[in-house]
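Throw the hints in and build the complete structure from the sequences for me.
Chain order of the listed sequences is A and B.
All residue numbers for the first sequence refer to this note's numbering, where the first residue is 1 and numbers rise by one.
All residue numbers for the second sequence refer to this note's numbering, where the first residue is 432 and numbers rise by one.
It cannot be assumed that every hint is accurate.
[As the list claims (entries may be wrong)] The calculated DSS-like cross-link candidates involving lysine-lysine, where the alpha carbons are at most 25 Å apart (straight line), are: (1) B/K474 - A/K166; (2) A/K205 - A/K291; (3) A/K147 - A/K209; (4) A/K205 - A/K147; (5) A/K166 - B/K470; (6) A/K166 - A/K147; (7) A/K147 - B/K470.
[As the list claims (entries may be wrong)] Far from chain A, some chain B residues (derived; all Cβ distances over 12 Å): (8) G575; (9) I619; (10) Q628.
Source of the hints: derived by calculation from the structure; they are not laboratory data.
The beta carbon of each residue, even a glycine, is placed where N, CA and C say it ideally should be.
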Amino acid sequence: MPIRSEQGGDIAVSVEGLSKRYVLGEREPYKTLRSSLMSVPNRLLRQSSSVSPVGGRAELWALRDLSFQLRQGEVLGIVGHNGAGKSTLLKILSRVTSPTNGRVVLRGRASALLEVGTGFHPELTGRENVYLNGSVLGMRQSEIARKFDEIVDFAGVSRFIDTPIKRYSSGMQVRLAFAVAAFLEPEILIVDEVLAVGDAAFQRKCLGKLKSSSVQGRTVLFVSHNLPAVRSLCTRAILLDHGQLVMDASPAATIEHYLSEKIGSSDSWDLRTSRRSDLELGGKARFRSLKLAGVSRAGSIPVGDTLSLQIEFEVLESVEDMVAVLNILTVDDVLVAQSVTTNSYSPVTRLDPGLYSLVARIESALLQPGRYEVGLGLRSGSMLQDQIDAAGMVEFIESVDLEFPWFGGAGGYLRLPVQWTRPEILHDLRV
Amino acid sequence: MNNQSLTVIEPPRGWQSIGIRELWNFRELLRALLLRDVKIRYKQTILGIAWAGLQPLVGMVVFTIALNGAAGIPSEAGVPYPIFCYSGLLIWLYFAEALNRASRSLVTNNLLVTKVYFPRLIAPLSGVIAPVLDFTIAFVILLGLMVAYGVGFSWTVLLAPLILIGAILCATAFGVWLAALNVEYRDIGYAVPLLVQLWLFLTPVVYPASSAHGVLRIIFALNPMAGVVTVFRWAVLGRGAIDWSIQIPSLAVLVVVLVAGILYFRRVETSFADSI
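Next up, the structure:
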């Protein structure tokens with residue numbers, strides 16, 4: 001195998017034809033010979049569907065024939081839907097579980113961070129847990145001792161370091177746990193969604209720490225739903241879908257592809273085949289379509305313009321007390337706003353079978369520019385009849401061409417109608 | 432980039448060696464887990480470490496009253512029954528605790544098993560080593576009891592640590608089997624206390640080996656703990672003789688169970704994270 005890639009630079013991580021199969025409903029069979037024999041016909045007849053019954057049992061290929069290489073110093077973001085195989089990939093790379101087929105070669109000392117604070121014990125003090133957790137992550141005692149003060153300082157818990165951590169707030173526990181991990185110095189770092197913890201200020205501190213680690217020539221594999229973090233931290237990103245590699249490109253291109261795959265840039269969506277929520281659904285009423293009015297064909301609308309959502313749904317069996325729900329979410333699945341029809345009128349007492357249409361008009365969206373997902377729900381009484389978490393997508397764009405002298409747009413989700421005054425001079429300091 | 436570590440991850444390929452070198456590389460993790468277990472063992476208890484001595488002492492009192500007093504079960508080689516009983520219980524209770532901990536080790540450490548890589552044998556090993564501390568405390572009490580009862584010391588008491596290693600190997604042998612099976616079948620967790628209870632009576636702990644005949648002697652020969660308990664008592668009390676008709680076959684059984692257990696464990700360990 002070549003040690004150097006065509007583009008030059010040393011290959012730090014090489015993944016070749018990696019597959020992982022789980023048998024659903026049953027435990028993983030122990031007999032390696034049997035499972036490898038069973039996988040042969042399956043490999044020959046590789047189908048697009050990832051769940052296929054073999055030998056009477058359903059099996060799931062969490063990863064299928066995945067191959068990619070990573071040069072030393074690259075920071076790879078791994079994105080995809082839940083269940084796309086991201087976590088399975090990291091579990092194999094960190095050797096927690098073994099692949100069914102294929103192989104991985106890691107060149108350099110690798111550390112995996114599938115969770116922060118693995119092994120933390122509530123009865124032990126902060127100090128004892130730092131040592132325990134450090135050992136669990138593969139650090140030597142001498143190494144932990146050397147970095148101990150820095151770790152405690154980074155976590156900001158020095159006053160309580162000899163207190164059992166069961167007396168810590170959950171935020172303090174998380175900070176201490178992340179601080180230990182932040183001082184790992186592997187050549188290859190494998191990180192799962194660990195940044196979703198802690199408060200915003202601490203998250204920024206951690207992102208900064210991760211960023212500096214990539215500057216030091218470290219190879220990083222990073223799974224996150226936090227797309228802005230992937231965009232800013234990674235030098236490359238891959239998109240997984242049903243265990244297969246769909247795209248391998250720059251973070252911006254991969255994220256764009258992921259988002260358009262997720263919903264599609266459009267102004268209307270057929271919802272009959274859309275992915276339903278995992279929640280228990282009554283199914284007496286179902287959404288059929290969503291259409292945006294007042295937007296461009298690509299689904300964008302200037303901030304502040306009136307946006308109309310035309311919703312069609314079908315009632316299959318009579319339902320009582322029908323309420324429709326509209327959710328606006330960021331692409332990272334943060335719920336920004338929610339509106340229900342009962343804001344405007346009481347629940348419709350009874351709807352008989354038939355096709356119905358409904359319009360939700362948002363007079364002036366107070367949202368910052370960016371892409372937002374539209375989620376829809378139908379409820380009758382307390383029973384959820386239908387719910388689609390990502391029914392459509394709308395992009396709010398800047399209405400006037402403002403030229404901000406700083407990077408990116410304004411922060412936050414909401415655009416408050418704030419009236420600013422011009423600076424007025426209070427006191428003239430010119431001599 | 433020449434002398435850096437290289438890790439190759441491939442599908443499991445059947446039987447594996449014990450992996451001594453890797454275990455050695457992870458010795459600091461073993462140490463950290465042991466330290467954790469020792470530190471949290473008696474947290475939030477009033478008696479604390481005194482529990483280590485209390486357990487065999489209470490056992491000694493109860494068995495002396497019930498078995499020696501009421502049922503007339505004798506001691507051996509002129510040793511006072513309480514000393515005879517305590518010395519047997521001491522090594523037995525170590526084994527019982529070690530086996531129990533080892534069999535639960537993977538399940539109780541499931542957060543580690545599913546989130547980090549380490550040689551999985553570390554888990555049952557930490558389970559069998561942690562109770563050595565309790566054993567040591569109870570052993571010191573035994574020495575005190577021997578002085579109190581006027582039982583003299585023999586040079587063979589120096590062999591006690593060696594025989595403790597025999598008990599550790601014994602707990603490891605059965606512990607790795609039970610730990611691996613417990614991942615798949617949680618029944619093991621319920622079965623082990625029952626198993627230990629019955630096993631106690633099939634081992635010459637509270638009665639002398641010499642009083643057994645027929646089937647029970649065959650059971651002793653197949654029971655590695657029978658060998659460990661009798662030879663431990665011989666060493667500590669310095670009386671009687673080693674019964675080779677028990678020692679040799681029970682040692683052979685121990686070796687077979689230990690080797691087979693480790694091989695089985697190594698073979699199935701790759702699926703622990705998926706099925707735990």
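| request: Please write out, lowest number first, the hints stated earlier that are contradicted by the structure. | output: Of the numbered hints given earlier, the structure breaks just one, which is hint 2.
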